[in-house]
Amino acid sequence: MFGTIVKRILQGILVLVLVVIITFVVLRLIPGDPARQMASDGSAQAVEEIRAEMGLDKPIYVQLFEYIPKLLTGQLGWSYFQKAPVFDVIVNTAPFTYALLFSAMILGVIMGLIFGIIAAVKAHTWVDRTLSAIAVVFQSMPTYWVATMLILIVSVQWGLLPAVGYKSPKYLILPAFVVSIPIFTAVLRNVRQNVMDGLSQEFSRAARARGISHITILFKYAFRNSLIPFITQIGGQVGVSLGTCVLIESVFSLPGMGMQILNAVLRRDYNLVQGLILILAATFVLINAIIDISYSYLDPRIRKAQGGL
Amino acid sequence: MSESILRVEDLKKHYPIKKGFFNRQVGTKYVVDGISFDIKSGETVALIGESGCGKTVLLRVLLGLEKQTSGKIFLKGIDISTLSKRERKKTYQKLGMIFQDTSGSMHPRMTIEQILEEALYLVGDRDRKSQYQKVTDVLLKVGLDPAFRNRLPIQLSGGQRQRVVIARALIINPAIVLADEPVSALDVSLQAQVLNLFMDLQENENLSMLFVAHDLAVVRQIAHRILIMYMGHILEEAPSNEIYSNAKHPYTKVLLIASPSIAKGINEESFHVGLKVGDTPDPANPPQGCLFCTRCMQAMERCYKERPERKEVSPGHFVCCHLIDEEES
Amino acid sequence: MESKETNTKTLESTNSVARPKKVTFRSIGRFLWENKSFTIGLLIVLFMLSLGIFADYIVPHDAYNGNPREKLLSPFWMKDSNPKYVLGTDYIGRDTFSRICYGLQVSIIIGFGSVAVSLTIALVIGIISGLSHPSLLDSILMRLTDVQMAFPFIVLAIIILSVVEPTIGSVILVLGLCSWAVRSRVIRSSVMIQKESDYVAAGIALGASKFRIAWKYILRNLLPSLVAAIPLDVANAIVLESLLSYMQIGLKPPIISLGSIMGDGRNYMASHWWMTAIPGFVILFFVLGLNLMGDTLQKKMTDVSVKG
Ligand SMILES: Nc1ncnc2c1ncn2[C@@H]1O[C@H](COP(=O)(O)OP(=O)(O)OP(=O)(O)O)[C@@H](O)[C@H]1O
Ligand code: SF4
Ligand SMILES: [Mg+2]
Numbered sequence: 001m002f003g004t005i006v007k008r009i010l011q012g013i014l015v016l017v018l019v020v021i022i023t024f025v026v027l028r029l030i031p032g033d034p035a036r037q038m039a040s041d042g043s044a045q046a047v048e049e050i051r052a053e054m055g056l057d058k059p060i061y062v063q064l065f066e067y068i069p070k071l072l073t074g075q076l077g078w079s080y081f082q083k084a085p086v087f088d089v090i091v092n093t094a095p096f097t098y099a100l101l102f103s104a105m106i107l108g109v110i111m112g113l114i115f116g117i118i119a120a121v122k123a124h125t126w127v128d129r130t131l132s133a134i135a136v137v138f139q140s141m142p143t144y145w146v147a148t149m150l151i152l153i154v155s156v157q158w159g160l161l162p163a164v165g166y167k168s169p170k171y172l173i174l175p176a177f178v179v180s181i182p183i184f185t186a187v188l189r190n191v192r193q194n195v196m197d198g199l200s201q202e203f204s205r206a207a208r209a210r211g212i213s214h215i216t217i218l219f220k221y222a223f224r225n226s227l228i229p230f231i232t233q234i235g236g237q238v239g240v241s242l243g244t245c246v247l248i249e250s251v252f253s254l255p256g257m258g259m260q261i262l263n264a265v266l267r268r269d270y271n272l273v274q275g276l277i278l279i280l281a282a283t284f285v286l287i288n289a290i291i292d293i294s295y296s297y298l299d300p301r302i303r304k305a306q307g308g309l
Numbered sequence: 310m311s312e313s314i315l316r317v318e319d320l321k322k323h324y325p326i327k328k329g330f331f332n333r334q335v336g337t338k339y340v341v342d343g344i345s346f347d348i349k350s351g352e353t354v355a356l357i358g359e360s361g362c363g364k365t366v367l368l369r370v371l372l373g374l375e376k377q378t379s380g381k382i383f384l385k386g387i388d389i390s391t392l393s394k395r396e397r398k399k400t401y402q403k404l405g406m407i408f409q410d411t412s413g414s415m416h417p418r419m420t421i422e423q424i425l426e427e428a429l430y431l432v433g434d435r436d437r438k439s440q441y442q443k444v445t446d447v448l449l450k451v452g453l454d455p456a457f458r459n460r461l462p463i464q465l466s467g468g469q470r471q472r473v474v475i476a477r478a479l480i481i482n483p484a485i486v487l488a489d490e491p492v493s494a495l496d497v498s499l500q501a502q503v504l505n506l507f508m509d510l511q512e513n514e515n516l517s518m519l520f521v522a523h524d525l526a527v528v529r530q531i532a533h534r535i536l537i538m539y540m541g542h543i544l545e546e547a548p549s550n551e552i553y554s555n556a557k558h559p560y561t562k563v564l565l566i567a568s569p570s571i572a573k574g575i576n577e578e579s580f581h582v583g584l585k586v587g588d589t590p591d592p593a594n595p596p597q598g599c600l601f602c603t604r605c606m607q608a609m610e611r612c613y614k615e616r617p618e619r620k621e622v623s624p625g626h627f628v629c630c631h632l633i634d635e636e637e638s
Numbered sequence: 639m640e641s642k643e644t645n646t647k648t649l650e651s652t653n654s655v656a657r658p659k660k661v662t663f664r665s666i667g668r669f670l671w672e673n674k675s676f677t678i679g680l681l682i683v684l685f686m687l688s689l690g691i692f693a694d695y696i697v698p699h700d701a702y703n704g705n706p707r708e709k710l711l712s713p714f715w716m717k718d719s720n721p722k723y724v725l726g727t728d729y730i731g732r733d734t735f736s737r738i739c740y741g742l743q744v745s746i747i748i749g750f751g752s753v754a755v756s757l758t759i760a761l762v763i764g765i766i767s768g769l770s771h772p773s774l775l776d777s778i779l780m781r782l783t784d785v786q787m788a789f790p791f792i793v794l795a796i797i798i799l800s801v802v803e804p805t806i807g808s809v810i811l812v813l814g815l816c817s818w819a820v821r822s823r824v825i826r827s828s829v830m831i832q833k834e835s836d837y838v839a840a841g842i843a844l845g846a847s848k849f850r851i852a853w854k855y856i857l858r859n860l861l862p863s864l865v866a867a868i869p870l871d872v873a874n875a876i877v878l879e880s881l882l883s884y885m886q887i888g889l890k891p892p893i894i895s896l897g898s899i900m901g902d903g904r905n906y907m908a909s910h911w912w913m914t915a916i917p918g919f920v921i922l923f924f925v926l927g928l929n930l931m932g933d934t935l936q937k938k939m940t941d942v943s944v945k946g
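Chains as they are written, first to last, in my numbering: chain A, 1 to 309; chain B, 310 to 638; chain C, 639 to 946.
I should point out that these hints are in silico values taken from the structure, not numbers from a laboratory.
Don't take every hint at face value.
Unchecked claim - Which stretches of chain A does chain C cover? Using the computed rule of at least three CB atoms under 8 Å from a CB of chain C, they are:
| id | region |
| --- | --- |
| 1 | 18 to 26 |
| 2 | 62 to 74 |
| 3 | 130 to 140 |
| 4 | 281 to 291 |
The C-beta atom is built at its ideal place from N, Cα and C for all residues, glycine as well.
Isolated chain A (complex conformation) (with noise of 0.2 Å):
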């Protein structure tokens, strides 16, 4: 157990060294430099200046070997454009994008849950019928589209909440609920089968003539039989949740990482594109794998599987 933990953790760290070595050198390839949009005059002495002051002259994997000792140490280095530390970049933007995720998480597992099980419950009646329908179309709306129409019909046309940028919590409101869209239609489908799986199985109708009450059955058997599925699938949709809402919050102008890295791809500010980078991609790998071990705790047939029995 010890040792799947450590090499999941090893794993993680691996990819994100890979994912900050091909962000390093991809965004030095990319065409055009922030030395040329930072000098003022624009002429070729001045970009040359900074670029030599920024150490852009040097070839690239010499930056990059200047560049790895210090992210080891911590430093992620200095946001040319933000004038200031990337880290503290990251700790003004992070908030907003967390807050956004974990709220749309929220919302769309208790919705799917609810949803899914009302859905199990009443499976191949018009109820379960209309649920699917609901969950195919919102599945098959672009989230970017949602958003900008619900801008325009709750905040313009009926002023009920804000529509960009954020001044309270209530800014979160509609950006929360377009991300959570995917989140809901998932978790409804999943939940759905699981349970129904749960509710037509032998220990569920043994405890059906024993007279055990519907909603014990139901809490008690079926749903927890559908526990495992149920979180490997949560882990997954942190990972694609993470993605939306990079999008959702420059849609909304929420001020969170999201925006930022966008703003910062276009205006070459490597440093400040390789931290956010970094930090989103911690997150994912993180999560995977807090999923991926409690996963094998929870299962102990993967537990074999993976620790070689």
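Could you slot chains B and C with the ligands onto chain A? The hints should help.
Frame of chain A, contents of chains B and C with the ligands only:
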């Protein structure tokens, strides 16, 4: 004496037990641990042992699916244990295999015809016309309507699938058929049908066969010789009749009692047998003395310390048990 | 056990089990009738495909050059509409319906093209790593898929599309390169399960080569479920392409994308909401049709492949 088809000498298959981050080897599983036997032309030898004793692993090693740890395998006198896959193919001596999991051993998306033709193709028979004829012939031989050729395995009943798997083993014209519990999964009436099919084949085709089962009753009619396997070892080996009438090893006696149809015929008094409570020992950590000592009712002090030797008690009847010495003295 | 002669001589007759289904018009009709959501999806997809594929013959107006005197017209059901322009016109007077037809054409090409790319990558990586499973190669390939999944798609796409010029070809490549990891995982685990199966063992025991095992045994069992996943993957790719164009990182004019039609309407959203809404609905319906098809196909395919 007729020709030896499959001879196995001191065959061993050990699996390392690996653990932890660096996959260190922390132990060894002695799954097959020194097995020898010799199957003659036209002979059916039954290999009996309870679940987990290493029967399937033994067959997989014989097939070359896994490399033996040590020991030799002679197929018609040729040592195939040292040959590579390609060299093995060049000997043109084939092993027909009937896998334990019948459905699992057929590709779910290949029709019966494709499954059988694939076997022919792999042994080098690539003439489409003769393949067609051979498929027809072998299906008739195992008692299936050749019209089944276009079915998928999922469209057959359990008994029919078993016949297809037997057909696949036969179609390549094997030197010997290795059958891994070919009837265990079938209900009683189907078992009888499939056993009858094997008996027909013995009669008409001079079939040599290693027939694996976990139950002595099943092999009564078809086995010429019986090997009793326990934790990777052969504990007793004797001609079929000897086993049923004159079993020596306490474990064999337990197995006999366990099959009601056989037990009826024997005098229970002479077998004060039974099992001590407790599980089969861990193959990674076999007892130092007799392998069976943890469960044997007749275990003596000596049994815990000393492995019994293999002794011939009558021609062709070998036993590994200290009780033999007691009887002699 | 006693009646030895009787049973092996009497052949198992064939009429005891259903015969393999032949594909006939009737069986197709029955399938469509029994799987109504599939049929609805199919109809939607066919409609969208024909709009896109035959765009050249369908479009009533020049999609690229507008008539400024007829700009910002409303669709037919609204007051300010002109019967000549069913779905209205954009800010320089180009016919929205015509533009949508060409947008669909681009969506279709990119959707299917990028899925072809991502599936090919997923297959090669999934099969190789699955077959070589406990090996260094497998670990390397798996870390590679981890890397792909750890990058937020949109960031990766922006970075790559800043290096290469966004053309139809490069967008196909970017989408393909950004979305193979999940499939390759699925393929790998299927390969790993199949590799241990007895039907593969049966082949190996008779001397089948690694290549033959991969091709004739493993791929054969894999392909149907991959085919079933195509509609869902295409749907995904279509949404991502429109997203890139909407954010002005993807295809550039004069190439028309559903995303850029939507993006064009963004500045007029408060007064002319339909300019953003309509292309969105088109994507929604196309994707809905693909999803409806994909769901049914996946259900059918897994039914057979799991157990023989
Ligand atoms: N690849 C392997 N690695 C490690 N141990 C293995 C491997 N294959 C089999 N074993 C172990 O070898 C032992 C014997 O397995 P085997 O399948 O041969 O039993 P069996 O006699 O065929 O039983 P059954 O009647 O249930 O089929 C088991 O304890 C199993 O766990
Ligand atoms: S050697 Fe001893 S323990 Fe082993 S079977 Fe014989 S009597 Fe029993
Ligand atoms: Mg077995």
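For each hint, the structure was consulted:
1. Figure legend: the region 18 to 26 of chain A, annotated as covered by chain C; annotation consistent (5 residues with Cβ-Cβ distances under 8 Å, at least 3 required).
2. Given as covered by chain C, the region 62 to 74 of chain A fails the check, having 0 residues with a CB less than 8 Å from a CB of that chain where 3 are the minimum.
3. Proximity of the region 130 to 140 of chain A to chain C, defined as three or more residues with a beta carbon under 8 Å from a beta carbon of that chain, is established by the 4 residues found.
4. Counting residues of the region 281 to 291 of chain A whose CB falls under 8 Å from any CB of chain C gives 3; the rule of at least 3 is met.
Consistency with the previously given hints fails for number 2 only.
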